[in-house]
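*Asks:* Residues per chain, in single letters:
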Amino acid sequence: MATDVVMPQMGESIAEGTIVRWIKKVGDKVDRDEPLFEISTDKVDAEIPSPAAGVVSEIRVKEGETVPVNSVVAVIGPASAGATAATASAGKASGEATAAPARTQAEPPATPAAPAAKPVETPKPSPQADGSPAAAAARPAPEPPSPPPAPKAAPAQPARTASASTEELIRQRSSPLVRKIAKEHNVDISQLQGTGIAGRVTKDDILGYLGQEGRERQGGREGEQQRPIARPSLVPSAPAFKPGEFDRVEKMSPMRKRIAEHMIQSRRTSAHVHSVFEVNFSRVAQARERHKAEFERAGTKLTYLSFIVKAAIDALRAVPVVNASVDGDTIVYHKEINVGIAVALDWGLIVPVIKHADEKNLLGLSRAIADLANRARAKQLKPEDVQGGTFTITNPGVFGALFGMPIINQPQVAIVGVGNVEKRPVVIEDAIAIRPMAYLSIGYDHRIIDGAVADEFMSHVKKTLETWDPNVV
Amino acid sequence: MTRDYDVIVIGAGTGGYVAAIRAAQLGLKTAVVEKQKALGGTCLLWGCIPTKALLEHAHALKIVQHAKEWGVSIPSTGSGQAAGAVGIDMNQVHTRKDRIVNGLTKGVEFLFKKNKIDWIKGTARLTGNGGVDVFEGEKQMLRARKEIIVATGSAPRSVPGIEIDRKRIITSDEAIHLREVPQSLAILGSGAVGVEFASIFRRFGSDVTILELLPRLVPVEDDAVSAELEKSFRKQGITSHTGAKATGARATADGVDLDVQLADGSTKTLHTDYLLVATGRGPVTTGLNAEGVGLQMEKGYIKVDAQYRTNVQGISAIGDVITLGGLSSQGHPQLAHVSSAEGIVAAERIAGQEARPLNYDHVPGCTYCDPEIGSVGLTEREANARGYDVRIGTFPFGVLGRAKMAGETDGFVKIVSEKKYDELLGVHMIGMRSTELVAEATVALRLEATVEELIRTIHAHPTMAEAVGEAAHASHGGAIHL
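Protein chains in written order, with my numbering: chain W, 181 to 653; chain B, 7 to 488.
It should be emphasised that the hints constitute simulated quantities derived from the structure, not laboratory data. Cβ coordinates follow ideal geometry from the N, Cα and C atoms, glycine included. Accuracy of the hints is not assured; some may be wrong.
Unchecked claim - Which chain W residues stay away from chain B? Per the calculated CB distances, all over 12 angstroms, these:
1. 255
2. 355
3. 359
4. 382
5. 424
6. 435
7. 436
8. 452
9. 475
10. 498
11. 511
12. 544
13. 601
14. 619
15. 635
16. 644
As the list claims (entries may be wrong) - Where chain W lies over chain B, by a calculated footprint (3+ residues, C-beta under 8 angstroms):
17. 145-158
18. 355-362
With these hints in hand, go ahead and build the complete structure from the sequences.
*Replies:* Written out as structure tokens, the structure reads:
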């Protein structure tokens with residue numbers, strides 16, 4: 181039997197997800213748990229494994245499209261069904277010219293005489309298709325359907341078509357009647373789930389959708405609440421921008437949009453203040469030299485970052501208001517110390533969280549950092565991996581920065597930036613010495629953390645690092 | 007010894023044999039149980055194929071009868087016989103018809119061999135848990151590992167008060183083999199079977215009288231089609247009594263006395279050579295032990311769901327023997343192509359493929375009377391009943407060059423649509439080639455076309471199909487050639 185592949189629920193508060201990339205195309209064979217597609221949600225980007233073995237018989241959601249959780253995004257047919265006629269609408273629509281890789285002819289045909297032309301038929305609409313909040317969220321998003329992302333190497337192209345053209349609407353599988361009804365009711369067909377052959381939107385689909393919308397309208401305020409969360413606009417009143425002839429216009433990836441939203445939101449929310457401390461890493465360097473091999477035998481690397489995280493945890497215990505959040509006119513002091521580590525990715529940035537970091541020793545922290553960074557780069561993070569952080573450390577030094585002035589990761593109130601650790605001449609007891617030095621900066625929310633408190637916190641960090649016992653890790 | 011199969015199909019009609027081939031194509035080991043001497047069921051042996059063969063003979067005769075008009079000269083046979091007195095040789099008619107039927111049933115046999123489907127000859131009896139006993143000579147025991155598909159079909163049935171004796175009071179099964187052209191023939195019922203035999207025997211030379219209980223001929227068709235057929239039949243000399251009830255029939259040595267109550271309440275007795283009872287077909291489940299294995303029945307039909315599953319696990323049913331309950335608004339159509347479509351859906355579902363339910367509003371109907379009828383979708387009456395804001399477009403065949411050339415100018419194409427979205431709801435036609443033209447309309451409905459799409463579709467000239475495009479134009483305010 182065919183298996184529906186749905187947009188997974190990637191965490192409780194997540195209502196929708198964006199298909200970033202289809203790893204498998206229509207007609208591809210897929211094993212159970214083999215990566216099938218990549219999604220981007222409010223929290224994480226993740227590779228989603230196939231729920232069943234078989235052949236991808238249908239892809240219902242194009243790359244770049246956002247759908248509510250539990251929407252059927254693809255269908256895995258039995259291996260024998262031969263997904264031939266159900267053409268990959270997604271493959272075609274994506275900017276990649278390499279649509280579906282040709283199905284390997286060497287495969288032994290599982291069914292001897294199945295006529296090749298038989299289209300794989302799609303299942304009936306899922307039972308939750310009416311009334312449920314999930315279905316209600318299926319209404320078109322306020323934004324126009326995303327045009328396919330331009331290939332990276334593409335020449336500059338003027339992006340004049342912001343909304344779906346008629347051609348795109350026709351390409352969306354539907355029928356003359358459906359298009360007529362859609363026009364009448366101003367419905368974006370590409371937002372509908374088609375139940376016809378190969379995902380075709382049928383008369384029943386659109387009438388069902390309109391009926392549902394009608395019910396919601398009558399439902400008044402209740403219906404309003406079921407609408408998907410409106411995204412805060414990135415720039416409320418940005419001056420109109422007109423791309424020049426030679427400009428390349430590219431749509432933001434979902435992750436990029438999220439970063440943009442979060443940064444702006446943070447800047448609007450917190451009263452950012454920064455201060456910078458210089459830290460002598462001599463003793464940490466000694467400790468690191470002494471225990472490096474030991475850590476390597478244990479399967480991980482002992483980095484400066486591990487020490488800094490450890491030092492920050494101690495300081496957070498000492499200065500709890502740095503490990504807090506603002507909730508209206510109250511201050512929430514977090515019992516847990518969950519340290520987020522910003523990980524730079526080729527395609528953006530993500531902040532996975534070391535949970536209960538205060539319960540880990542240096543080895544545990546090193547392992548946790550390595551694990552989160554690896555999984556972030558492999559898109560293997562789970563939503564819970566990026567949730568619940570109470571404090572964040574970012575490391576611009578790896579790119580050579582002396583120090584950074586980081587923006588707070590909301591709803592936290594402080595973030596530490598680590599500068600490049602390098603040997604510098606320093607004055608020690610009136611002598612000039614060469615020491616491994618680094619600037620640590622802190623961005624903090626002046627609403628609840630005053631300068632003295634922030635500096636107290638940073639002094640604590642500095643002291644821990646500069647007085648580290650090289651024999652103890 | 008019990009023989010195991012994945013799928014056992016009971017009945018080799020157009021439902022059963024198609025289901026078997028589809029199942030075999032999908033890799034299932036399949037057997038078909040059939041009690042007749044040949045494969046193909048009603049359609050091939052007594053239904054569609056032989057009747058349409060007779061109709062082609064009737065058409066050939068029609069051409070020859072009008073030889074003078076066509077400029078065809080028929081040499082006299084020596085005794086000075088004129089062309090106007092051409093006749094039909096029933097022996098030759100049956101020889102040719104049987105040759106066609108044989109060829110087609112052999113074709114099905116060939117398809118069985120090609121797909122390695124076993125034909126088990128005999129009568130099937132369900133024994134439960136996938137078991138099927140077959141009786142003919144020695145009892146054979148079969149077992150279906152996956153599914154049994156019951157496709158036992160239907161047989162003609164009468165109405166109360168009329169007893170079929172198969173000699174003078176006959177059904178289509180006997181009419182198809184009639185070796186003589188009767189002087190007179192009364193036909194009870196004006197569905198497809200009734201009007202087709204009326205056309206055949208009227209052309210062959212019989213006096214034909216049709217009795218229909220309902221107020222019009224071909225009652226399932228659009229009212230306009232019924233009216234056109236009645237008009238055409240009248241021209242051809244066929245007597246139609248609608249709203250007439252047969253209250254009794256007595257077979258005599260050389261004919262039938264039929265008591266009729268006419269629409270105006272008067273009664274009379276008709277004397278004809280034969281009475282053809284064409285009042286419908288009932289399900290065939292004799293010897294099947296359907297109740298024995300617990301199949302849910304409704305008025306003798308096997309109750310199934312939209313995927314053709316019965317209430318008993320492992321038993322499906324398709325074709326004339328089933329009822330869908332409320333799933334089909336019109337009742338379940340007893341048509342060969344419907345059975346085949348159901349057989350394919352059932353076989354694919356059993357093979358593990360996704361099975362999409364059929365849309366019974368999109369089943370084309372073809373009636374091969376003269377003039378023939380093709381229709382699909384809602385009639386005007388049905389569309390109104392469903393609350394549509396209905397729009398009608400009609401175009402007569404008589405205007406078309408193609409129809410004039412053929413000398414077949416009766417009939418029209420009528421398009422039923424609705425105004426709000428310009429949705430095509432139904433297409434009804436009567437006249438030459440209507441049974442072929444309906445294919446275009448069926449695709450249009452299937453693809454959810456608007457009338458505008460039909461207008462913009464280029465129709466080749468000169469064809470009968472031009473009438474479809476013109477009827478679409480007419481829907482939007484004006485046909486070009488009218």
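*Asks:* Would you say residue 635 of chain W is clear of chain B, with no C-beta pair closer than or equal to 12 angstroms?
*Replies:* 66 angstroms, holds
*Asks:* Was residue 475 of chain W rightly flagged as not at the interface, with every chain B Cβ beyond 12 angstroms?
*Replies:* The claim holds: residue 475 of chain W sits with its nearest Cβ about 53 angstroms from chain B, beyond 12 angstroms.
*Asks:* Please check whether the region 145-158 of chain B has three or more residues whose CB lies within less than 8 angstroms of a CB on chain W.
*Replies:* As far as the region 145-158 of chain B goes, the hint is violated, because 0 residues have Cβ atoms under 8 angstroms from chain W.
*Asks:* Quick check for students: does the CB of residue 452 of chain W sit more than 12 angstroms from each CB in chain B?
*Replies:* 56 angstroms, holds
*Asks:* Since residue 601 of chain W was said not to touch the interface, does its Cβ keep a gap of more than 12 angstroms from each Cβ of chain B?
*Replies:* Holds, since 60 angstroms exceeds 12 angstroms.
*Asks:* Hey, does residue 435 of chain W actually stay past 12 angstroms from chain B on C-beta?
*Replies:* 35 angstroms, holds
*Asks:* Going by Cβ atoms, does residue 644 of chain W stay more than 12 angstroms from chain B at every point?
*Replies:* 63 angstroms, holds
*Asks:* Do three or more residues from the region 355-362 of chain B put their C-beta atoms closer than 8 angstroms to C-beta atoms of chain W?
*Replies:* holds (count 6)
*Asks:* For residue 355 of chain W, is the shortest CB-to-CB distance to chain B above 12 angstroms, so the non-interface label stands?
*Replies:* Residue 355 of chain W not clear of chain B: closest Cβ-Cβ about 3 angstroms, inside 12 angstroms.
*Asks:* A cut-off of 12 angstroms on Cβ-Cβ distance, and residue 382 of chain W was said to be off the interface with chain B. Does that hold?
*Replies:* 7 angstroms, violated
*Asks:* Test the statement that residue 424 of chain W is away from the interface with chain B: the closest C-beta pair must be farther apart than 12 angstroms.
*Replies:* Holds: least Cβ distance 41 angstroms, greater than 12 angstroms.
*Asks:* Far enough from chain B: is every CB of that chain over 12 angstroms from the CB of residue 359 of chain W?
*Replies:* Label violated. Min Cβ-Cβ 9 angstroms, cutoff 12 angstroms.
Against the hints set out earlier in the document, violations occur for numbers 1, 2, 3, 4, 17.
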